[in-house]
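Full structure from sequences and hints, please.
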Amino acid sequence: MILLFYLAAAFAIVATIFVITSAHVVHALVYLIISLLAVAVIFFVLGAPFAAMLEAIVYAGAIMVLFLFVMMMLNLGQATENEERSWLRPRVWLVPALMILILLGQLVFVLWQQQTDMTPVEVGVRKLSILLYGPYLLAVELASMLLLAGLISAYHVARK
Amino acid sequence: MESIPYEHGLILAAILFSCGLVGVLTRRNIVFVLMSLEVMLNACGLAFVVASARWGHADGQIMFMMILTLAAAEVAVGLGLIIQMYRRYHTVDISVLSEMKG
Amino acid sequence: MLEWIGLLPLFPLLGFLALTLTGGKPGNTSASLIGVGSIALSFVLAAAISYEFLRSGASSHTQLLWNWMRVGDFTPAFSFYLDGLAVVMILVITGVGLLIHLYSTGYMTGDPSFARFFAYMNLFVASMLVLVLADNLVLLYLGWEGVGLCSYLLIGFWYQKPANGYAARKAFVVTRVGDTSMAIGLFVLFTQLGTLNIQEVLTLAPQQWSVSSGVAVAAAALLLGGAVGKSAQLPLQTWLPDAMAGPTPISALIHAATMVTAGVYLIARTHILFELAPQVQMLVAVLGLLTLLMAGFTALTQRDIKRILAYSTMSQIGYMFLALGVGAWSAATFHLMTHAFFKALLFLAAGTVILSLHHEQDIFKMGGLRKRLPLAFWSFLIGSAALAALPFTSGFYSKDEILLAALAQPQYGIILWLGGVLGALLTAIYSFRLVFVVFYGKELPQHDHEPIREIRGIPMAAPLVILAALSVLGGFIAVPVGAVFGAAEAEPYHASTLIHAIMIAVPLLGVGISYLIYGGHAIAATNLSKLERIRQSAAGAAITRFWFGGWGMDALYDRLLVRPFIALAHLNRKDIIDTGYASIAAFTQAGNNLLVRTQTGNLRWYSISMIGGLIIVIAVGVWR
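Protein chains in written order, with the working numbering: chain Z, 1 to 160; chain B, 1001 to 1102; chain S, 2001 to 2624.
Bear in mind the hints are in silico, worked out from the structure with no lab data behind them.
Computed from a predicted model, the values in this text were never measured in an experiment.
Watch out, some of these pointers could steer you wrong.
Claimed, not checked - Across the chosen pairs, the derived CB separations fall in these ranges:
1) S:G2165 to B:M1100: 49 to 59 Å
2) B:W1055 to Z:L3: 17 to 27 Å
3) S:T2588 to B:E1099: 18 to 28 Å
4) B:M1100 to Z:A149: 17 to 27 Å
5) S:G2621 to B:W1055: 21 to 31 Å
6) Z:H24 to S:G2621: 37 to 47 Å
7) Z:Q115 to S:I2618: 15 to 25 Å
8) B:M1100 to Z:L148: 27 to 37 Å
As the list claims (entries may be wrong) - Reference listing, derived: stretches of chain Z covered by chain B, where coverage requires no fewer than 3 residues with Cβ under 8 Å from a Cβ of chain B:
9) 13-19
10) 28-34
11) 40-52
12) 68-79
13) 126-137
14) 141-152
Note that the Cβ used here is the ideal one computed from N, Cα and C, for glycine as well.
The following block contains the structure:
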């Protein structure tokens, strides 16, 4: 189990790095899907099967596919890829990488202090549903309204 | 079952978040910026789920669902904006979007 | 009747308000009615009040109108104080004022700002009445400032011509110097004595201050500064000749009969303070003497008819100051009254001449007007006789008293008397120079198309006749100021017959000299050409220029005060203080220019700055 955890973690990190350094849009999107699926595996290991399913179906399945469709619609082509490469000189990465390393260092520093071991307990769908229909009912309604708003604004913004 | 030190989970979330952040700061193509944002959102969701696994309840997963919903709506609107930008400027370079200068 | 004394300044004030608020729309007739009517009412009331007061035999009457302010222990009130001196003043102001208002209805016909003229004149009379009736020095100062304001407004009455505005400004600024001195004097009096009620001051001062003590000298000198400014004496006399830019009736009222006598009134009112400071009193006499001589010499060279009269006013007030300086308070008051009569007469007659000749004011462009302007001629003759103190005119009696009092002065009496006599000689010369040049001699050809007709009409003729009568008969009026100056009056002056003879002969001698030079006949012509040749010579021209320019005082002030001020203003043309304020705006602008560079409109720039902030915040959170 632990091994699976760390393996999936490694996959996620590597895939993410490829996402941000890729010059080709579709390649990057595919790498992103891999990263998402790796995170889904982690969820599963941690005893959150529903979250894993959601990640795989909704995130990797719906959102990324939406991305892909729009990219195909834009039809960016080879010229964009060359332009992309020209923009990705090593010099460009310097300052952001430095700042992010500092940030990362701070976060890791804070997190490294603690040492809590856990034994993952599976939190099933049943427990989740009870919470959803109980305390978090309003959150569900709001989420649906958010999706409605997103739908309408996406239609309006993208109109010709 | 062995135990997993769950700080490592949070550290993984931190690393993924930072990668996404680097992507946002560095890339000039707006599609990649949006993708990096997705990476960051995903990392936040991971952090929530790890936390809920530690305490053994489902609140974190519910939070993850909300984040997912948010990401979906955001991607939809964001892609619409990208399409509009491409129609207007015929490029996906974000440095042309500087009319708010000053 | 005495309780209605508060109405005295009220009538003219209401007239002012009525004329100002209606803006002259009702027309000139109603403006004249309101303007003259209010002064007529005041005059009748003043006469009634004075009659009752003098008949009652009381020494004074105080009428409280209302409490004005209350600041700690300081409670000046609006209250009027009537005594013999005030009686003289209110009768002169309202009486001569009424005659001049009547004259103005004729003089100012056809002027588009007719109503405004009467409004300002009414306001002036109201302020002057407040000044002379005031019970305390604060109320007096109110009237003081009011007359100064009206003087400014009326000198610059025809404001369309910038020169009139400058003259008005000059008058205001120069008298302001005096006013400031007087205000500081009031401060000294208040801090030392704790009250500004005039009668209280006059009783407290001798108790608390010794003669010639520093504080008495300071208070008296500061009040003298104010009087000198208002009465156009040395060193603040430069404004009076230029004030002739205003219409002639106001030159008559303000700058001859009333406002310029305010300084004399002030010193007479506070005479006890001056007696406590003998050095200052001597200074009053010296200033009066110097001014009367200076003005006399200057008047000899002037060509403008009104400027001659202005310098003669300056000179006559010098006589009043001389009288005050030697302690002859009632003589000064007497001369004030007679001077009001004959000087107003002279100015009004000059107005007739100017108007008849279509605003010509240079006397050497006039000549032989005796037949054409008979009323003006006789008025000028009588007025100049009184001015020169020819026997049996009112001016003779008043000037006589002053000169006798000067002679009786223990230390420098003889010098003062000789100066006064020389002044009388000069007065006779220049006043009859005016009469002979204008009314005798050859008639100069007129350039205008219209012939010279004397402008007449009851409004303009009646005042002239009345004033002429007063100039002759006014010498027999006894001013009822005995009770006011009681102990300060000395015994009647005795002088030898020789002195009296000299004082009678000198003015006649002056008339003779004037006749010999300007008389307009053959011998006069030769003498005049001889005089002209002397004047053309280098020394003569220099002296003439010096005397003409008011003994160089205008040039002195210009160099001493005006030019440095202009230079300073030029240095400060960027206005340092305003620059300070503008620099605040400039700083903000510069700050904005600096900070706006962070608004690049570039998305990545914004993200990086956000991350930077985030790092800092987390760092602070971690290390705390």
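We went through each hint and held it up to the structure:
1. S:G2165 to B:M1100: 49 to 59 Å: Holds, at about 56 Å.
2. B:W1055 to Z:L3: 17 to 27 Å: 24 Å, holds
3. S:T2588 to B:E1099: 18 to 28 Å: With a Cβ separation near 25 Å, T2588 of chain S and E1099 of chain B satisfy 18 to 28 Å, so the hint holds.
4. B:M1100 to Z:A149: 17 to 27 Å: For A149 of chain Z against M1100 of chain B, whose Cβ atoms are near 24 Å apart, the range 17 to 27 Å holds.
5. S:G2621 to B:W1055: 21 to 31 Å: 23 Å, holds
6. Z:H24 to S:G2621: 37 to 47 Å: Between H24 of chain Z and G2621 of chain S, where Cβ atoms are some 40 Å apart, the hint holds.
7. Z:Q115 to S:I2618: 15 to 25 Å: Given range 15 to 25 Å: holds, Cβ gap about 21 Å.
8. B:M1100 to Z:L148: 27 to 37 Å: 29 Å, holds
9. 13-19: holds (count 4)
10. 28-34: holds (count 3)
11. 40-52: Contact hint for the region 40-52 of chain Z vs chain B: holds, 8 residues under 8 Å.
12. 68-79: It holds, with 5 qualifying residues against the three required.
13. 126-137: Holds, because 5 residues of the region 126-137 of chain Z bring their Cβ atoms closer than 8 Å to Cβ atoms of chain B.
14. 141-152: holds (count 6)
Hint violations for this structure: none, all hints satisfied.
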